[in-house]
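Trainee: Each chain is listed here by its residues.
2 protein chains.
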Amino acid sequence: MEMPRPNPDIIARKAELVSRMLEVLPADAVISDPSETRAYECDALTAYKCPPLAAILPSSTQQVSDALRICHAMGVPVVPRGSGTSLAGGALPTADSVILGVARLNDVLDTDYDNRFIKVQTGRTNLSVTGAVEEHGFFYAPDPSSQLACAIAGNIAMNSGGAHCLKYGVTTNNLMGVTMVLMDGTIMELGGAHLDAPGYDLLGLICGSEGQLGVVTEATLRILHKPEGARPVLMGFDSNEVAGQCVSDIIKAGVLPVAIEFMDRPCIRACEAFAKAGYPDCEALLIVEVEGSDAEIDEQLETIMAIARTHNPVELRQSTSAEESARIWLGRKSAFGAMGQINDYMCLDGTIPVSQLPFVLKRIGEMSKEFGLDVANVFHAGDGNMHPLILFDANKPGDLELCEAFGAEILKLCVEVGGCLTGEHGVGIEKRDLMVDQYAPQDLEMQMAVKDVFDPKWLLNPAKVFPLQSSESHRIAAE
Amino acid sequence: MEMPRPNPDIIARKAELVSRMLEVLPADAVISDPSETRAYECDALTAYKCPPLAAILPSSTQQVSDALRICHAMGVPVVPRGSGTSLAGGALPTADSVILGVARLNDVLDTDYDNRFIKVQTGRTNLSVTGAVEEHGFFYAPDPSSQLACAIAGNIAMNSGGAHCLKYGVTTNNLMGVTMVLMDGTIMELGGAHLDAPGYDLLGLICGSEGQLGVVTEATLRILHKPEGARPVLMGFDSNEVAGQCVSDIIKAGVLPVAIEFMDRPCIRACEAFAKAGYPDCEALLIVEVEGSDAEIDEQLETIMAIARTHNPVELRQSTSAEESARIWLGRKSAFGAMGQINDYMCLDGTIPVSQLPFVLKRIGEMSKEFGLDVANVFHAGDGNMHPLILFDANKPGDLELCEAFGAEILKLCVEVGGCLTGEHGVGIEKRDLMVDQYAPQDLEMQMAVKDVFDPKWLLNPAKVFPLQSSESHRIAAE
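First to last, the sequence lines map onto chains A and B.
To convert, note that position 306 of the first sequence is 306 in full-length UniProt numbering; the numbers rise steadily by one, no gaps.
To convert, note that position 390 of the second sequence is 390 in full-length UniProt numbering; the numbers rise steadily by one, no gaps.
Everything labelled a hint here was simulated from the structure, so no lab data went into it.
You may find that some hints are simply not true.
Intra- or inter-copy, both count: the list cannot distinguish identical chains.
[Claimed, not checked] Calculated lysine-lysine pairs in the BS3-like style (CA-CA distance at most 27 angstroms, straight line):
no., residue 1, residue 2
1, 167, 226
2, 167, 252
3, 119, 412
4, 119, 252
5, 167, 119
6, 49, 396
7, 119, 226
8, 412, 252
9, 412, 369
Just so we're clear, the structure is a prediction, and the values are computed from it rather than from any experiment.
Generate coordinates for the entire structure from the input sequences, incorporating the hints supplied.
Mentor: In structure tokens:
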């Protein structure tokens, strides 16, 4: 993946940059030794690597503002970084950039159970937000598989979802307000602990903007009451297409489970070996979970299981205990890790209309043969958010490129059937060149014009989201 | 309310404008006779009136594009208008403007029950969207009280809500994609029939932008399965504060009814006289509705009614038939009309944290005495979206101004307790001067900079949303 040519003038001024950073940040928050900056050379898309010029770890909104003001004055690009779990290269540095890590911004600032919100600094991990409120019976709904590690900052940047977003929506549906610092150091407040603010919905715009419009340092998040109970059902089928049809039928019937997860045989086997989840050995597995009181759960599962039976499942089994349920979910949430123990893989993230699931799964199978690369499928089927994992051998010359070409074809297929390039991982560097398949030129130009407003010098998270040539020409026009 | 001085050059070129409009629109779609343009002199905020220079009624996206291109070239301001039900003056013309009415854009373009969406032209009324899908068991969730008349275009412009939005969210939560025409005639596609598009969320930005960024001509809307059943409960209390506390306790308990509506005595009496809804004669009335199967409804109502009993209700009664439920809702949805038969009133639209309801209702009562104007309260209590109706006498000199001053104080109170100026009616002209109470100068400037991107000449829906002086200075800077 091509990256912009680093600016040699900036690299030459590294000493000045570091010394000015030390004026506004404590010494242990400024990392400039190449042996240490290497820790920031990539995120979870490890196929691409580049150490930054320096990394900083501010611990307050004011420190973020001070540091950004300096970078802005010096023309230094800044790459905001949550926990570095991006699967799309959303936090990949350039050689002339400063990584702004939010890891030390991890305080809980306010909890309000009457009005059902929590206010946190955005370096806090997703799961520890729920951790802060669960003893009062609340939880924070978006649950990316990486929730043990991933930061709220990254969740906001990518508008992250998760298995349970079928019912609860993605980050944007659970985000009430933010404090954000613009590239020039200006501190803004957007939204707050109330419904829908007046004027333009800049909060909605910020969510999913991949750290290119500002650095979000604080967030007010909607918290929800934990449901009385929840119960997953395992449904095994002897083909991907039939499992896809079952998902489509459940959604069409108007039942809304809290999650419908899909795994095919390669994933089932890897997860079972890893987590001993009790998965059946079959072609395709659905995990369907419903919530409520025992009576409500029974009623919903009756409808759902009746639909499943019309598709001749090879397995149809309700969880019988909380411990069994936890194991079933551990298996699913470990899928990427479990696959990684067996193979190099590239994880895609396309979204399609649910009714297209059987067709798209069939086409992916055919394309897998054409490209000669295996594919494992694991994804949030209920909302059509697919995660095909293309397996390849990183040590085999040409295999990564072949894998990238195959991935691009799958994502173009998603767009063709009325879907889109990404559900929750973001565009990052991975999909920036495919944006022209999703958008007409005038639509892309309008997005870049919005970027011009928030970050006129195009210094924030460079070389992401837009085709490199387009974003470079905007950046140069601003100079 | 001050309006910008009309541009005499434009008014002088009216004949040219009309003749150019007739080149791209059928004769019956161009209205220029002053006796006919008067029909567009105001919306539902009838305190302010100004006939436009002309009105046009295009019936396709292409016609909208052609007409806007001409207005853009001639520098003519354009005021988009749905059905003219805005309570905030969102469709108030200026004397040098063209009203662009979307009433003839009312086709259903696509229905897809497998993927649960409908695509419509935006002149279609809110209720007729549900009308187009209900025989298949579906409905469109946002339900403004004006839903019989109001257009989807206006719902998108104002991010409209309604009584049942406590459970289903407001327009932005049910909007999947739009076709929008920019002021210069460019046609854009945003979002679509899929989850979360890549890149910046311009769709989220458009929703609620009050027709100032573009004219939305087509919309893809999420449709939902009708619940098995629904049942409202009437709860009467002997004070507003106690009713407010009951709402707060229901929300805090984690039950999520589909609606919690609040009415005080003046509203109860007016609605009862109008709709014979069977309301008790008491100080404050809550209508709490839950949905599901009979068993689910019983279970939820058990919890909710137990909470209500701790507040010593003077009435606590479940609806016993579909017909009774319909009458209960007819009463609530007729509230504005019923009040209008008795009094002139100004309807406010502020949002507050739910826990602040008792305090804010008490303060409004006190302020009512200070200003010497009565207030009737009717609102979506569950999400803290208040609609105080200030009663005044339009024929009494000074009463409107007093009413405006009182209204401003109430909205400032909403902001002070952590809420905001509008829930669903929008800023329009009514609240534009209060935006400085909600936002810091740099936050407002950023919103106006976004307007610069979409409509650099500031021709779309002039004099709304931002303080007149600020928006005029942006407009003049662009000249």
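Trainee: With 27 angstroms as the alpha-carbon cut-off, assign the pair residue 49 and residue 396 to within, between, both or neither.
Mentor: Within one copy only: 18 angstroms inside, 74 angstroms across.
Trainee: Using 27 angstroms as the alpha-carbon threshold, which applies to residue 412 and residue 252: within, between, both, or neither?
Mentor: So residue 412 and residue 252 pass the 27 angstroms test inside one copy only (25 angstroms; across, 46 angstroms).
Trainee: Could you place residue 119 and residue 252 in one of the four classes (within, between, both, neither) given a Cα distance threshold of 27 angstroms?
Mentor: Intra 37 angstroms, inter 17 angstroms, cutoff 27 angstroms: inter-copy only.
Trainee: Within a copy, between copies, both or neither: where do residue 167 and residue 119 come within 27 angstroms Cα-Cα?
Mentor: both (23 angstroms within a copy, 23 angstroms between copies)
Trainee: If the cut is 27 angstroms between Cα atoms, do residue 119 and residue 412 qualify within a copy, between copies, both or neither?
Mentor: between (39 angstroms within a copy, 23 angstroms between copies)
Trainee: Please work out whether the CA atoms of residue 119 and residue 226 approach to 27 angstroms or closer within one copy, between two copies, in both situations, or in neither?
Mentor: For residue 119 and residue 226, only the intra-copy Cα distance (18 angstroms) is at most 27 angstroms; the inter-copy one is 35 angstroms.
Trainee: My question is about residue 412 and residue 369: at a cut-off of 27 angstroms on alpha-carbon distance, are they close within one copy, between copies, both, or neither?
Mentor: within (18 angstroms within a copy, 64 angstroms between copies)
Trainee: Reference check for the pair residue 167 and residue 252, CA-CA at most 27 angstroms: within, between, both, or neither?
Mentor: both (15 angstroms within a copy, 20 angstroms between copies)
Trainee: With 27 angstroms as the alpha-carbon cut-off, assign the pair residue 167 and residue 226 to within, between, both or neither.
Mentor: Result: close both inside a copy and across copies, 13 angstroms intra and 16 angstroms inter.
Going through the hint list in order, the structure satisfies each hint without exception.
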